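**Q** For chain A, the structure is supplied; the task is to place chain B on it using the hints.
Now for the letters of each chain:
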Amino acid sequence: MSDTHAQTVSFVRDTMLPAATPPVREAGAIKWLRENLFSGPVNTILTLLGFAIVWFLIATFWDWFAHSVWNAGSLAECRQIIAATWGESARGACWAVIRDRWNQYVFGFYPMDLYWRPTMTFGLLMVALAPVLFSASRTIRRTVLAITAVLTLWAMVVLGAPAGWLAFAAAVLIGGFLISERHVLWLLPFSIVYPLLGVWFLWGGSLWGPIFVLVGPLLGWIAWTLVSRIAPMLGVVAAILVTVLFWLLYAGDAAADAERLLSLSIQTVRSDRFGGFLLSVTIGVAGIALSLPLGIILALARQSDMFLVKTLSVIFIEFIRGVPLITLLFVASLLLNYFLPPGTSFDIILRVIIMVTIFAAAYMAEVIRGGLAALPKGQYEAADALGLDYWKAQRLIILPQALKISIPGIVSTFIGMFKDTTLVTFVGLYDPLKSMSDAVRASTDWKGIYWEPYIFVGAIFFLICFGMSRYSMYLERRLQRDHR
Amino acid sequence: MTDVPAPASPPFRPSMLIYDRRYRSLTFQVIVFILVMAAAWWLVDNTIRNLALMGKNFNFGFLFQRAGYDIPQTPIPYTSDDTHLRATVVGLLNTLIVSILGCISATILGVIVGVARLSKNWLFARLMTVFVEIFRNMPLLLWILIVYAIFTEILPTPAAYRGENPEWSMIFFDHVALTNRYTALPTLAMTNDPGSLDLGARVTFNWATIAFATVLIGGLLARRAIKAWAQRVQDRTGDRPTTWWINLAIMTIPSLLLIWHFGLHLERPALTGFNFTGGLNVSNALVALWLALTLYTAAFIAEIVRAGILAVSRGQTEAAFALGLRPNRTMNLVILPQALRVIVPPLISQYLNLMKNSSLAIAVGYMDLRGTLGGTTLNQTGRELEAIVLMMLIYLILSLIISAGMNVFNASVKLKER
Numbered sequence: 001m002s003d004t005h006a007q008t009v010s011f012v013r014d015t016m017l018p019a020a021t022p023p024v025r026e027a028g029a030i031k032w033l034r035e036n037l038f039s040g041p042v043n044t045i046l047t048l049l050g051f052a053i054v055w056f057l058i059a060t061f062w063d064w065f066a067h068s069v070w071n072a073g074s075l076a077e078c079r080q081i082i083a084a085t086w087g088e089s090a091r092g093a094c095w096a097v098i099r100d101r102w103n104q105y106v107f108g109f110y111p112m113d114l115y116w117r118p119t120m121t122f123g124l125l126m127v128a129l130a131p132v133l134f135s136a137s138r139t140i141r142r143t144v145l146a147i148t149a150v151l152t153l154w155a156m157v158v159l160g161a162p163a164g165w166l167a168f169a170a171a172v173l174i175g176g177f178l179i180s181e182r183h184v185l186w187l188l189p190f191s192i193v194y195p196l197l198g199v200w201f202l203w204g205g206s207l208w209g210p211i212f213v214l215v216g217p218l219l220g221w222i223a224w225t226l227v228s229r230i231a232p233m234l235g236v237v238a239a240i241l242v243t244v245l246f247w248l249l250y251a252g253d254a255a256a257d258a259e260r261l262l263s264l265s266i267q268t269v270r271s272d273r274f275g276g277f278l279l280s281v282t283i284g285v286a287g288i289a290l291s292l293p294l295g296i297i298l299a300l301a302r303q304s305d306m307f308l309v310k311t312l313s314v315i316f317i318e319f320i321r322g323v324p325l326i327t328l329l330f331v332a333s334l335l336l337n338y339f340l341p342p343g344t345s346f347d348i349i350l351r352v353i354i355m356v357t358i359f360a361a362a363y364m365a366e367v368i369r370g371g372l373a374a375l376p377k378g379q380y381e382a383a384d385a386l387g388l389d390y391w392k393a394q395r396l397i398i399l400p401q402a403l404k405i406s407i408p409g410i411v412s413t414f415i416g417m418f419k420d421t422t423l424v425t426f427v428g429l430y431d432p433l434k435s436m437s438d439a440v441r442a443s444t445d446w447k448g449i450y451w452e453p454y455i456f457v458g459a460i461f462f463l464i465c466f467g468m469s470r471y472s473m474y475l476e477r478r479l480q481r482d483h484r
Numbered sequence: 001m002t003d004v005p006a007p008a009s010p011p012f013r014p015s016m017l018i019y020d021r022r023y024r025s026l027t028f029q030v031i032v033f034i035l036v037m038a039a040a041w042w043l044v045d046n047t048i049r050n051l052a053l054m055g056k057n058f059n060f061g062f063l064f065q066r067a068g069y070d071i072p073q074t075p076i077p078y079t080s081d082d083t084h085l086r087a088t089v090v091g092l093l094n095t096l097i098v099s100i101l102g103c104i105s106a107t108i109l110g111v112i113v114g115v116a117r118l119s120k121n122w123l124f125a126r127l128m129t130v131f132v133e134i135f136r137n138m139p140l141l142l143w144i145l146i147v148y149a150i151f152t153e154i155l156p157t158p159a160a161y162r163g164e165n166p167e168w169s170m171i172f173f174d175h176v177a178l179t180n181r182y183t184a185l186p187t188l189a190m191t192n193d194p195g196s197l198d199l200g201a202r203v204t205f206n207w208a209t210i211a212f213a214t215v216l217i218g219g220l221l222a223r224r225a226i227k228a229w230a231q232r233v234q235d236r237t238g239d240r241p242t243t244w245w246i247n248l249a250i251m252t253i254p255s256l257l258l259i260w261h262f263g264l265h266l267e268r269p270a271l272t273g274f275n276f277t278g279g280l281n282v283s284n285a286l287v288a289l290w291l292a293l294t295l296y297t298a299a300f301i302a303e304i305v306r307a308g309i310l311a312v313s314r315g316q317t318e319a320a321f322a323l324g325l326r327p328n329r330t331m332n333l334v335i336l337p338q339a340l341r342v343i344v345p346p347l348i349s350q351y352l353n354l355m356k357n358s359s360l361a362i363a364v365g366y367m368d369l370r371g372t373l374g375g376t377t378l379n380q381t382g383r384e385l386e387a388i389v390l391m392m393l394i395y396l397i398l399s400l401i402i403s404a405g406m407n408v409f410n411a412s413v414k415l416k417e418r
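Quick note, the sequences are listed as chains A and B, same order. Number 484 marks the last residue of the first sequence (the numbering used here); no jumps. Number 418 marks the last residue of the second sequence (the numbering used here); no jumps.
Everything labelled a hint here was simulated from the structure, so no lab data went into it. Be careful, since some hints might not be right.
Cross-link-like lysine-lysine pairs, in silico, DSS-like; alpha carbons within 30 Å at most [stated by the list, open to error]:
{"no.": "1", "chain 1": "A", "residue 1": "Lys447", "chain 2": "A", "residue 2": "Lys404"}
{"no.": "2", "chain 1": "A", "residue 1": "Lys392", "chain 2": "A", "residue 2": "Lys377"}
{"no.": "3", "chain 1": "B", "residue 1": "Lys414", "chain 2": "A", "residue 2": "Lys404"}
{"no.": "4", "chain 1": "A", "residue 1": "Lys377", "chain 2": "B", "residue 2": "Lys414"}
{"no.": "5", "chain 1": "A", "residue 1": "Lys377", "chain 2": "A", "residue 2": "Lys310"}
{"no.": "6", "chain 1": "B", "residue 1": "Lys414", "chain 2": "B", "residue 2": "Lys227"}
{"no.": "7", "chain 1": "A", "residue 1": "Lys310", "chain 2": "B", "residue 2": "Lys414"}
{"no.": "8", "chain 1": "A", "residue 1": "Lys31", "chain 2": "B", "residue 2": "Lys120"}
Remember, it's a predicted structure, so these values are computed and weren't measured experimentally.
If we strip away everything but chain A, and leave its shape as in the complex, we get:
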């Protein structure tokens, strides 16, 4: 049938035609434009509106950015330069204020010859964070640690750090890098010691203080090993008691005596010299580090079967979440001297850190409670079936999954807390946003400058907060265990 047919047809094509190019409207940029920008009347209107917005923004701000001045001693000089370069009516940004006052925005009123100390503290923070934050990816860890080492040492040299401290920083940074190449978790002891070291670097004073603070838990551990042979539960109680009693009764005097025997002190910097991003980052990092564990404890307490524990944590969480942070900061600055024994007073930054921590911890507890509630009941039952006790079940089965689920919420709590560090301006501390900008404006040179400081500080906050949110996305992807 088919054979006869083929012979009756006069012409049959035996080669394929090359594929015709698609119509212009269905390919390349034009297709993309049609699909994404002009697919219908509503879409076209939106596109035009979008272009109008972009055009408005560019038209408003382009000239101002283009006429930037980076070198000037005062706002008047800035305006002169702008007028001389781009004509009388031109308006421009005067970034010279940042160049002139960057040190105040970064370090506040920290003594100028000691700028290297916060710099070193921040550089070492990265080493301390390595085993906690970027332990999984070797490339990321190498990049972060190498860049930190180079930048920190360079900045310390520029800021005139003494040779001894430079050698110390180089040893820790390079040592940290090498150790993390072998096994990153070997850095954990440094991460545990770091908070005390950081406090000592920032505020100065005697090293004996932090050393004796460390001795407390050490004695507690010894007490635990001795007593827990007789009764395990009593061991825990003994450890806590020994540590607390040592701190309360003995540590202060011992540190003073040791200091008299062998002085290990560096220049003290008082809290009122702190300011700018140094203050924000100090409060932010301390708050983040403290609020997560406190939040976990509060969340577990709220899920607890014990009526009293549950009630207390509900009252605490709902009370803290029900009042604005400002009122808590006022409590820290005005009321704390009512609540403490007469005559005691302690550092305002420490008080603020405590308040910010409990504020963030209450929110954190709710986020983690969400994660705990989202876990299928089977996980709890499986842990029970395996015969794990409460703490083992939490540590090995429940919390790793619950925390993973709550990562986005935890990180947005962190971001919120870091943004809230600007509120310390209302209790008289020099935050970078309001107090510092007001201080800069108070000088005759920079009277009347508004936008540049705000944009500069805002941009840095944006970088840090945006970075944190991207990091949380990375972490979510890294910890993803289900199949998709």
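**A** Leaving out everything else, chain B in the frame of chain A:
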């Protein structure tokens, strides 16, 4: 099987308080209770001793003394001769005003931005993403300060509106004037004022407001009744009567009649002397705070709305289309009820955040609760303890009321499970 003897419970030993799980939690709770009581006793004892040392006592009598300071924006009549208590109430009302305005506008803007982020339009979706990221990642205080600085530094003095050829002209068809101290808005005026209802304590309520509220609520009730009637007719006959024009008439005609009866009209602000009069001059502190709160919270609400819509799987839309529902009925009957279930709980906490964040009014000098009770009153009377405790209690009660109210709404949209 029934004659198996019950195992004799072991005699009680003191060590069971620690090692027996039945008693351990009790022991632990007793210890916690003792510790908490000890801490509370320690705090109260310290406070009593400190108060005695400073020669102060703990009482709220100062609330009934003369305040002696002025408040720029007073929703209820207030002079400096009034008591601190009245100043506190004025501050509380100011907090509520900015919070409620902020919640409404932030919700509207947030929903628009959240939906626009999901639009197929590439440019618009990207622009909205930029908006959300910028406003979410910078401190609210920055936005309050920037908006306030724009108002005070860039806007002109009222004098710029003067003359034949003024440098600035009023916007919205000559109804609104933006100046560096206040925004002059038109007010509602009546040619046929029905007088006011006196609620006592110099708080009055205009009868016209009550009349409009009554008409509005009556209209809503009538609409519901008509809907039920239409449903009954549809159930009986299969045809749904056309009701939209009855609804429209019920909602508009009584209001229009009231407007005509009271002679309600807009009164434009006009420049007389150095200031605008005749309208409502809203201080820039309020406008800046409201705008900043709106923009900041809208960015968060946009993300909540987007997440809520994305949480409804695409199959739901397709199923609704397959059933032959038109797009707007699909939205109303299928998508929204499911999305709201995801949206409402985080939305509640955004409203709470907005209310608490309104205490940043301190940055622009808006006299809210913190500005009156926690600010001037505190400084004048020197009663930090009482003022701050009272202020925290009021904020706490506000939070509880808002979350209770919204939880009722949440219960109505929540997934009805077995």
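**Q** If a hint holds in the structure, say so; if it doesn't, say that too.
**A** Status of each hint after checking the structure:
no.: 1; hint: A:Lys447 <-> A:Lys404; in the structure: 49 Å, violated
no.: 2; hint: A:Lys392 <-> A:Lys377; in the structure: 17 Å, holds
no.: 3; hint: B:Lys414 <-> A:Lys404; in the structure: 26 Å, holds
no.: 4; hint: A:Lys377 <-> B:Lys414; in the structure: 21 Å, holds
no.: 5; hint: A:Lys377 <-> A:Lys310; in the structure: 20 Å, holds
no.: 6; hint: B:Lys414 <-> B:Lys227; in the structure: 23 Å, holds
no.: 7; hint: A:Lys310 <-> B:Lys414; in the structure: 26 Å, holds
no.: 8; hint: A:Lys31 <-> B:Lys120; in the structure: 14 Å, holds
Consistency note: the structure conflicts with earlier hint 1 alone.
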